[in-house]
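Colleague: Chain order of the listed sequences is H and P.
If you number the first sequence the way our numbering does, the last residue is 1755 and the count never jumps.
If you number the second sequence the way our numbering does, the last residue is 846 and the count never jumps.
By construction, these hints were calculated from the structure, which means they are not laboratory data.
All clues given are correct.
Under the rule of at most 30 Å between Cα atoms (straight-line distance), these lysine-lysine pairs were calculated in the DSSO-like manner:
#, chain 1, residue 1, chain 2, residue 2
1, H, 1528, H, 1552
2, P, 816, H, 1604
3, H, 1604, P, 814
4, P, 729, H, 1552
5, H, 1713, H, 1528
6, H, 1495, H, 1528
7, H, 1731, H, 1701
8, H, 1540, H, 1495
9, P, 641, P, 686
10, H, 1508, H, 1695
11, H, 1508, H, 1701
12, H, 1477, H, 1552
13, P, 821, P, 726
14, P, 679, P, 650
15, H, 1508, H, 1477
16, H, 1508, H, 1528
17, H, 1604, H, 1659
18, P, 816, H, 1552
19, P, 650, P, 686
20, H, 1604, H, 1508
21, H, 1552, P, 814
22, H, 1604, P, 819
23, P, 726, P, 814
24, P, 821, P, 639
25, H, 1552, P, 727
26, H, 1528, P, 814
27, P, 726, H, 1552
Every beta carbon over 10 Å from chain H, so not counted as near; a handful from chain P, in silico:
#, residue
28, 612
29, 670
30, 682
31, 686
32, 706
33, 718
34, 723
35, 755
36, 784
37, 786
C-beta atoms are modelled at their ideal positions from N, C-alpha and C, and glycine is treated no differently.
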Amino acid sequence: MKDKDIIVTENLRYSYVSDVSKRELALDGISLNIKEGSFVAVLGHNGSGKSTLAKHLNAILLPEGGKVYVAGMDSSDEKLVLEIRRQVGMVFQNPDNQLVANVVEEDVAFGPENLGIEPSEIRRRVDEALKLVGMYEFRNHAPHLLSGGQKQRVAIAGIIAMRPRCIVLDEPTAMLDPVGRAEVIKTIHDLNRNQGITVVLITHHMAETVDADRLIIMQDGKIVADGKPSEVFSRVEEIKSYGLDVPDTTELIYELNKEGFNLPLEALSVEECAQAIYAVFS
Amino acid sequence: MLKDITLGQYFPGNTLLHRLDPRTKLVLTLVYIVALFVAKNYISYAVMLAFLITSVLVSKVKPRALFKGLKPIMVIIIITAILNLFYTDGNVLVRFWVFKITDAGIKSAVFMALRIAMLIMGTFLLTYTTSPIDLTDGLEKLLGPLKKIKIPVHELAMMMSIALRFIPTLIEETDKIMSAQKARGADFETGNIFERARAMLPLLVPLFVSAFRRADELAVAMESRCYHGGEGRTKMKQLKMKRGDYVGLTTGALLLTCVITLASFGL
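Excised from the complex, chain P in its bound form (with noise of 0.2 Å):
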């Protein structure tokens, strides 16, 4: 059951989105994540729509996969469309006791949820088509320049892809830790919130006793292998951008002017 966690699940694939170098992608999420706050009428939203759809269909990612994101955030999308509905101002359409819901209302809940939506499958589109390993040499790549004002960089993108690689070995070990409890009579499923946040104990307990010792290890298996920070490492795989790569980012800086020249016009 806990095995079907999505969290940062990469699509192995050899698409133009797959092949992008990881720098690419992440400055092309972040243009996208801004020009989707940017956008602020039914042209812009089309726009987006297009480039995100096109992306997906060369991705080849399955659009089911990118609407099973979207499920864990549902609750947040559709409370956030309710407040937009009922409480934005304009031509009243409907009224009931309190509640009024106007033009402009319906007009921002839709755009608000479809915001949201696209934010976190576009954002889900970066870890389906990038290996984590990539994302997290990406980001030490781009942040880079943030060394010289003392940002551990280096030692933030090793923790990082740690924990991307201890997260299976963590949940294997939650499985066993839950069957074995289970054995001796624990109950995780049964009883409300707090009668179930209690029965958690005897799982975290032992899970952080051995993430510990798990942690202390890998210390030492790292310092035998020579580790000594980031200082005159290099690596094996270097990160090279292609003609793609350059046609992506002119893409993404067509798409933000795109938007902001259509907000800036009102439209």
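One chain only, chain H, in its complex shape (with noise of 0.2 Å):
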């Protein structure tokens, strides 16, 4: 892993038009680092800011105040849009509508193709990018008779094969059933362990921050907690407080540490919970 930060935002804010008269502030003052290879989770309920900053990664919105860097692009820089846009790819919350062509391979080959790249290498890169989210058997279906997990896969495919340095994620789990939610939650984290590929995954169901490597809670616009995931989600009543839920296994030691046990609030996972209580009850 790379000890480079690919995005760099610097005192970020941005603001929407709602009324005539009324501005409301979506980030203010977002200043953040992720590097190269990691895996950073934004954890935040609606309103918080968390879609308005994932826009700003790929030059989709531009910022008010502050800066984007991206890998030390000036996101402001017109002439440079689609290099940024090529390094960060983007996969948004509903996959009906981010897919543009009837056939999955035809849509994964729509990056590409905007990028003026050779038909041939194209075509290279659609086999290997089904192939990475594993779905090239279907590459010759039709994207409205996938089920929702399935289609997720191909518009990571599509953004996949762009060979981009970073893939941002703006809850790309919330309109899909559990097992769907598995597989791209799982497809993610392959290619961010096996490619190196740095993920930025926004998303409200605390579960699936639980393996990233690090974790940005927001409210308000603001970043009010960055950190593991287990160090953030020690902090359970900070947490409760933000209006956020903290793991079931953290809620079942905290709940017992009030009962008057002493457990470590940092065994997040099922694993190291169990061991925990087996600790204090054998």
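Assemble the dimeric complex from its two separately framed chains, guided by the hints.
Modeller: See below:
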């Protein structure tokens, strides 16, 4: 893993104009470095500004104040927009609304085609990308006949085919059933681990953030917590004050500790949690 | 119920007709349509019919599927035939009240009905054997020269392929909204035509709202996949003319020459 920052934001501010006179501050001074090759989860509930932040990471929105740098490129420089978008791919919530073509492989080819890559090279990338997300055997299917999880994996393949260094996923599992959710989360973990692609996963399912390298919690356009998931979740009362839940394991240990036990709140995985409880009761 | 709508429906296959370059098929269809309107007599109609039947046999498309395509325009065919039957001058065969049927009337009625039916079946054969994406690619390539006179050919082709992509999605959505409205007591099936049109309103409003939302999201998704118009764009699948395509085009040229020659002799 390289220790370089792929994305840097400096005091990023952005506001939406909701009424004629009222401006709503969606991002209020976000400063953030994302290391290349890391898996970063951003948690927060609706209106916390997390989607707005995501849209800044590949120059779909431009900062009102502050700066965003992607691999050293300033996102407000218009000439660099295409290159920034090639380096930082984006997957959205609704799989139906991001697939362009009638056939899976044609859709995956859409990104590389836009970049003007040689047809034979596109073919190779499309096959490779579809294999990486485990959708190669569906390459000739029509997207509307696939399940939600499969569609979302096709959307991810469409991004990978552009050979990005970073993928930003904006609530990619919000519209999926539990099976589809597990498929997608496994796929992005594999890509992060085996291909070294930086992942920024934006979500409101805290369970999906447990395996991340780093967890950022957003509230009212500000970063309110930032650290390893086990550290962040061990601040149970604080997390709950943001209207978020903690993982079941943390909740269990937290409740036990309230009853007078002294268990480590950092035991995040089911295995660690079971070990900790077993150690006390045996 | 909305699922079995046949609009540009494609039957996958691997016959000679399926493998033809979409450009060839588009040109052939155009030639076929022109020839149909040039054809004026029994022999040329026989030639056209032979061409259509051969194409259908080669494509292995079930004739039933082609006839199914005729159903919605049956009314038009019948009306055209009746108009031709009664309003063509010639030797009167039957006469009643103000109507008269002439021998020329019967002939033109049959020809007119055949012409429309063959026109529809021929174009359906094109969409049955060509995937929508090939079709739009072919159109984009064929109309490419129009870019020089500032016609946005690439954009039009892109719009068409996105429209095709979203037809099933929107149909599914319509079904869902319909069920939701029915569950709340909406009635789409009874009443006269005006009442039924009114009943469609609570269906169309949410459908349009959601279509606009989808369009917005799709545009953002396309932009973040580096879409910036047709300039500098490549294609994964390159269209290539093969031997079969030249054979097909030659056949088309022969067909047209044949029909024009027959027409010029007044046969």
